[in-house]
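Residue numbers (numbering that gives the first Met the number 0), protein chains in the order written: chain A, 0 to 337; chain B, 0 to 337; chain C, 0 to 337; chain D, 0 to 337.
Treat the hints as calculated values from the structure; they're not laboratory data.
This structure is a prediction, so every number in the text was calculated from the model and none was measured.
Heads up, some of the hints might be wrong.
For identical chains, the list gives no copy identity; a pair is met inside one copy or between any two copies.
Derived DSS-like pairs (lysine-lysine); straight-line CA-CA distance at most 25 Å [to be verified]:
1) Lys101 with Lys149
2) Lys149 with Lys182
3) Lys182 with Lys207
4) Lys149 with Lys207
5) Lys207 with Lys331
6) Lys334 with Lys101
7) Lys331 with Lys101
8) Lys334 with Lys207
Protein chains: 4
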Amino acid sequence: MRTGLGLHHYPTRAGLPDDFSAFAGRDVKDHHPRPGEFGETAHSVDRPDLCVAWVGGGVVFRGGLALGQQAGATGLTVLGMMSEAPKLTVEESQEVVARILKRVDGRVPVVVGVSAPGFAQIDTLTRAVMELGAAGVMVAPPGSLRTDDKIVNYYRQVAEVLGDVPFVLQDFPLVTGVQIAPKVIAWIVNELPTCVCLKHEDWPGLEKISALRADGTLERPLSILCDNGGLFLPEEMGRGADGAMTGFAYPEMMVQVVDLCSRGELIRAQDIFDAYLPLTRFEQQPGLGLATRKYTLAKRGIIAHDAQRRPGAALSAATRAEVDRLIARQEKRLKELN
Amino acid sequence: MRTGLGLHHYPTRAGLPDDFSAFAGRDVKDHHPRPGEFGETAHSVDRPDLCVAWVGGGVVFRGGLALGQQAGATGLTVLGMMSEAPKLTVEESQEVVARILKRVDGRVPVVVGVSAPGFAQIDTLTRAVMELGAAGVMVAPPGSLRTDDKIVNYYRQVAEVLGDVPFVLQDFPLVTGVQIAPKVIAWIVNELPTCVCLKHEDWPGLEKISALRADGTLERPLSILCDNGGLFLPEEMGRGADGAMTGFAYPEMMVQVVDLCSRGELIRAQDIFDAYLPLTRFEQQPGLGLATRKYTLAKRGIIAHDAQRRPGAALSAATRAEVDRLIARQEKRLKELN
Amino acid sequence: MRTGLGLHHYPTRAGLPDDFSAFAGRDVKDHHPRPGEFGETAHSVDRPDLCVAWVGGGVVFRGGLALGQQAGATGLTVLGMMSEAPKLTVEESQEVVARILKRVDGRVPVVVGVSAPGFAQIDTLTRAVMELGAAGVMVAPPGSLRTDDKIVNYYRQVAEVLGDVPFVLQDFPLVTGVQIAPKVIAWIVNELPTCVCLKHEDWPGLEKISALRADGTLERPLSILCDNGGLFLPEEMGRGADGAMTGFAYPEMMVQVVDLCSRGELIRAQDIFDAYLPLTRFEQQPGLGLATRKYTLAKRGIIAHDAQRRPGAALSAATRAEVDRLIARQEKRLKELN
Amino acid sequence: MRTGLGLHHYPTRAGLPDDFSAFAGRDVKDHHPRPGEFGETAHSVDRPDLCVAWVGGGVVFRGGLALGQQAGATGLTVLGMMSEAPKLTVEESQEVVARILKRVDGRVPVVVGVSAPGFAQIDTLTRAVMELGAAGVMVAPPGSLRTDDKIVNYYRQVAEVLGDVPFVLQDFPLVTGVQIAPKVIAWIVNELPTCVCLKHEDWPGLEKISALRADGTLERPLSILCDNGGLFLPEEMGRGADGAMTGFAYPEMMVQVVDLCSRGELIRAQDIFDAYLPLTRFEQQPGLGLATRKYTLAKRGIIAHDAQRRPGAALSAATRAEVDRLIARQEKRLKELN
């Protein structure tokens, strides 16, 4: 497969290209983060939760392209909106990105969140992380944006600022307050060639994926990677998404579900999904999700401890017990399924 | 058990009273809505989705008390915020409530949502529905309320307007925008004896239940019935909730989970809950949930059709197929469990 | 001038038609509400603040047209969003509208606010008030509307529900949360012939008026009447507005400013405006404005007393003293100007 | 008068201390920014709008105290929320603060806005600016804060992070979404000795000042400096405020009004205020205000040009003409008054 990772999702929908199942089946599955792999970086700089794993049909990202293919289109998103990244100083952010990029060493593309009120900030951070080896950046709209034209106009300016750096459009209305119609996403994608991916976090958002995948809407390929904590992943894949880009504590769930959906094994995909769902649901609680995820990751040995940046509340004993119980049930159910 | 339904939840937590398991186990389980029971009313007046079933340890409601006990503390909430009630004319609302109350005929308590910008409206609707036989009313705070004192003061005035009519405090920040601290709920409950129940819809909200159930917080019993579409029911019961008050299309899930939790059969409770969870999650999508629920209820034969009041979008064919698939899997899984 | 009141605003901008200055100069000025005129109605039914006076180049309203011309294009808006109308019961609302319409007796067009979550409610109220003699209705978008297409689609459905009843599009983002681009307003107006007027309450909103008045935007005349409490009236007139539709306690300010602007006496218009500005500014405080207006109207003898519907706070003694002082200064300044 | 500037506002209300009128009358009036004074700094680093002038009875600020007294309690707030500061990179912010502090050279206290999602960021910026000579910092609550206790708890943690650095509590609900009751402000002030000033931007907010100034509310002096663009300055002074801390393009208006109010010359204060009011009102338009202010400051020769940081819209020709006209009228009116 010679085109970029993002170039084949229409074939995916219409009939798999020869090498697709191999690519998605073999590599994606094997590449979910292992304890100590990306975790060590995080631990040693004491901000263990900055990485959001994403899986699935990827994005034509500069630099990360070849390795992304090898790796099965798995990548990382760092400095995301729902992580602790907003609580880091600029110096810490830069150090974290540098360490993660060094650790990843090009094996998978790394996308860096650069949303900011001013273009000077976006520009400065983008240049820094691209030099360090990032594959691209992610930009969410500022909360004050309303009306279709203002949204399009904002991304026109963003693309101009970014130059040839590929970017992910982050569509997360629950947090940003900005609702972007499918038509507007299509305008942006069709007009701005450096917009290579949609991070889809609208809720509800399934119809939006269908609208974007409808014939005649997008004039070129666009990777659609979904968030919502993975809570709708099977349906999102069914509507035409390429994968997930979110921070659930068990990225292997996403890897497997995306892989199985891509191979058409929908029943098995849903079985796996359902086994994790009680915890997925629990982690999706706003505000509490990050603390839960850190607790789980620490419990799994992937990060060293689950302390949160201040200000931030600790998990109560009751919550820890609830998570423990959900994990125990999850493991039991997964065994039944295997 | 001589006290009202709401009076025994501390014993519930500390050790079941003699007659509790019988009451909760036998009656609640048998009393979930059956096709044609409450549905007929809804169907014949063409607004099939006005009822929100609630289950679990109930409320000291005038009139409905005796029957509530017999019926196993099952009741109905009508004219709720997330139903189509806000789209009815006043005449239609009154007719709906009248028909439902006649149909229920005192077998279970019926709570009527009466939230409104002005006290004149609250007063008028309350008097009308209490005369028709409602057990009490439900009042959410107006969206402009901020600061602890303003919230307490609002409910003071509400209680004065309502006189001796018992009321449910509806705590639903995602929609109202009003955040009510556990301390503030306690102030309201401790000061206003007619506040007999909390409809708990905070998200995340588990710590709030624990805070309210902590020793010394509430000076008298309070029924806590949870919404959030039932998405956290096992954990809510574990924290000290008395039951559910929400509109999921399978109230029997809630009845069983509440019943099993009350009897301490937590594993079985969670098994049942998990079997429904993929659909519970799907129905919880904001805006889309009501349409999904109506589609499911119509499919189950409980209501005649799934059309929505205008303005309101119809479910797409893709969404219907997703729901169909989830229901088929749910039925299969429930069989495996039985 | 044989066309409707709304049909001549382009001529207004381009050069006054023969009879315009006479019509706007003589009649408008003389027709601001006098104590006991519309006030009596309000007083006797104890809801003195339901009327919002509007002035300026009006709207082609059925029924009210001829009298509107005679009266100098002055009219009334009742059951507006910022009045106490949302606190009335349906029965009270209907009584108020009936009494006001009877009292007005066709001398000026009366517009009735009918915004509601459901079309059944909009339909029912519209039919009732049109039968009573209203000239048209006013509809604000529901707060959940986002994206250009959804807004246009909503008004398409509204127009279908209203049939041939003319309506005012109320554009009030600060309260509704819905931002409507000038382009979207133009789409609505160009497509829906019954949309005859824009109630303009965007803040800031001057560029929006200019955008709508730019050549080629609107394909037919549209009356633009401004709110924002009158706080930007001279600039709004300069940008192409036709008048004001708001609730300041001294509608004669608006009548004079609109009249003077229409005649090109801009310096005098601004002098008059500036004399009232300290009070206009004070009345514009959110939440407090209505209480201030009722206090002032009661002080002027136009309404009987300034009590507010519950829930609602009374003005403090300090606030009353501030208003008294502002009124005293205003009267002094107006004398200096005359 | 040997106590800090903030220590005498109760005497101010109850009867002026001997040296107060001299202090407030002579120095404050003479110290409003002059062209080229603070402007030069801004100009040369191409971010001319970072300074917000504040005037009036000041704050016990470390370092800035003695000079603050000499200077007549005039100071500067930099990196404020409504300036272009949020669009600067961290490096630019630090450079701006450094240049301004060097330029000011201790003649007046300089407060630096340090609000941020994480305490690490607040801590880092605070240490940096305090070393450079800032008098204190300003902290607004994060937008997610709700309930009285959470607000108090947040400021407890802030005070702990800041150590002995004095801070201004910024109360700006329209932008932050956080409503802080007077009682909560009093809790914070009474408990945290380093909270030395309230930046008051609630709207409406006059009753809040009165509540704070009521006997028994505050257990120690608190400077209350008001924003709202200066739109309510005479009333705010009448309620017990100590001055203004806002960014109107004519800080001399605020200096004079505060001075005159402090000396009891209320009629003259209101006359001056009214002369500026048409422009004050115009500059208060959300989003547009900053552009208007930069245009005016450039027109006055205080800054070199009025370009805005991207993203940011330019003023239209129509808006410029409106501002020109308002300024011309303002100058004429001020001449009439002198």
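Status of the hints after comparison with the structure:
1. When the C-alpha separation of Lys101 and Lys149 is checked against a cutoff of 25 Å, the pair qualifies neither within a copy, at 38 Å, nor between copies, at 40 Å.
2. In this assembly of identical chains, the alpha carbons of Lys149 and Lys182 lie at most 25 Å apart whether taken from the same copy (14 Å) or from different copies (12 Å).
3. When the C-alpha separation of Lys182 and Lys207 is checked against a cutoff of 25 Å, the pair qualifies both within a copy, at 9 Å, and between copies, at 23 Å.
4. Taking the closest pair of Cα atoms, Lys149 and Lys207 come within 25 Å of each other both inside a single copy (20 Å) and across two copies (14 Å).
5. For the identical chains of this complex, Lys207 and Lys331 are neighbours neither inside a copy (35 Å) nor across copies (30 Å), given an alpha-carbon limit of 25 Å.
6. Within a single copy, Lys334 and Lys101 get their C-alpha atoms no closer than 36 Å, and across copies no closer than 51 Å, so neither meets the 25 Å cut-off.
7. Taking identical chains as interchangeable, the C-alpha atoms of Lys331 and Lys101 are never at most 25 Å apart, the minima being 37 Å within one chain and 48 Å between chains.
8. Taking CA atoms no more than 25 Å apart as the test, Lys334 paired with Lys207 passes in neither setting, with 35 Å inside one copy and 34 Å between copies.
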